[in-house]
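Asks: Residues per chain are reported as follows:
Protein chains: 2
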Amino acid sequence: MNEHAVQQYLHDHIPLSKAMQVEVLSVQPDEVVLRAPLAPNINHKETVFGGSASAVAILAAWSLLHTRLKSVAVNSQLVIQSNTMNYLLPISGTFTARSFIENGGDWARFVRTLERKGRARIAVTAVLEYEGQQAGRLTGEFVALATAAH
Amino acid sequence: MNEHAVQQYLHDHIPLSKAMQVEVLSVQPDEVVLRAPLAPNINHKETVFGGSASAVAILAAWSLLHTRLKSVAVNSQLVIQSNTMNYLLPISGTFTARSFIENGGDWARFVRTLERKGRARIAVTAVLEYEGQQAGRLTGEFVALATAAH
Chain Z
1 MNEHAVQQYL HDHIPLSKAM QVEVLSVQPD EVVLRAPLAP NINHKETVFG
51 GSASAVAILA AWSLLHTRLK SVAVNSQLVI QSNTMNYLLP ISGTFTARSF
101 IENGGDWARF VRTLERKGRA RIAVTAVLEY EGQQAGRLTG EFVALATAAH
Chain X
1001 MNEHAVQQYL HDHIPLSKAM QVEVLSVQPD EVVLRAPLAP NINHKETVFG
1051 GSASAVAILA AWSLLHTRLK SVAVNSQLVI QSNTMNYLLP ISGTFTARSF
1101 IENGGDWARF VRTLERKGRA RIAVTAVLEY EGQQAGRLTG EFVALATAAH
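Listed in order, the protein sequences are those of chains Z and X.
Counting from 1, position 65 in the first sequence corresponds to residue 65 in this note's numbering; the numbering is continuous, with no gaps.
Counting from 1, position 150 in the second sequence corresponds to residue 1150 in this note's numbering; the numbering is continuous, with no gaps.
Treat the hints as calculated values from the structure; they're not laboratory data.
In this text, a Cβ means the ideal position worked out from N, Cα and C, and glycines have one as well.
Do not take every clue at face value.
Here are some of the chain X residues that sit facing chain Z, going by a computed Cβ distance under 7 Å [to be verified]:
#1 ILE1014
#2 LEU1016
#3 GLY1050
#4 GLY1051
#5 SER1054
#6 LEU1069
#7 ILE1080
#8 THR1084
Computed cross-link-like contacts, PhoX-like style, restricted to lysine-lysine with a CA-CA straight-line distance of at most 20 Å [what the hints assert, rightly or not]:
#9 Z:LYS70 to X:LYS1045
#10 X:LYS1045 to Z:LYS18
#11 Z:LYS45 to X:LYS1045
#12 Z:LYS45 to Z:LYS117
#13 Z:LYS18 to X:LYS1018
#14 Z:LYS45 to X:LYS1018
#15 X:LYS1117 to X:LYS1070
Starting from the given sequences, assemble the full structure and let the hints guide the process.
Replies: Given below as structure tokens:
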């Protein structure tokens, strides 16, 4: 899936991504980068609302797993189990969320477990950046469940 | 602040709350209850998107502190520092978020510290409910900073 396809998928299936005006800047095997502007995500202090920051970070993390899972032989459904978000700096304009798997070896183990057991979990990190500084950091734990081919 | 005033404040200052169609059902000193429908918060599995669930929970937690701080003699600004969200059950329709301070004694200590030191932190819990079941649980850590009277 390229940037356009992922963005279309998000806007079509998760209307909040459209309300937040999320754009997909980059889709690579090892990272996905999303971008969102301030206006639809603003709060009463004229910075990005924490709920928007979290939601964009979750979308970045989910998109990375979703696109990577397309390259695997097992059809699966992804479920988020938990996430922890740290808000590091106020964000006063357009920001990005870059997702990646912190421990490279986790992906191979995740796919192996999914193939063998039909269920596997993995942690994904998403870093929010604003004006070149890290403004937030999310860790999300996801579970993939093998499903019948379709 | 009553329910109408809080809802108006959220919709006016945090446009995402309007996009998520958040309603304020109840504002009490010990809890705030928000409600949101499925349609604007749906995901590709036709359940509530995790980012929406988190954002509504954060709004509930923030609204409780915001309204309680109005009753305190110190003007202050609230900042979210971190949150942890656990997604317990899929949500397939209208859901609520009920926020409260788990340890009742925390509020008195928080206000005392804010008055003395001009800065205090507190944890707030928000529970998501769908069809009478707990579907998610967020803990958010907030910091209040004393500001000049206005």
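Asks: Of the numbered hints stated previously, which ones are contradicted by the structure, given in increasing order?
Replies: Violated hints (numbers, rising): 6, 11 and 12; every other hint is consistent with the structure.
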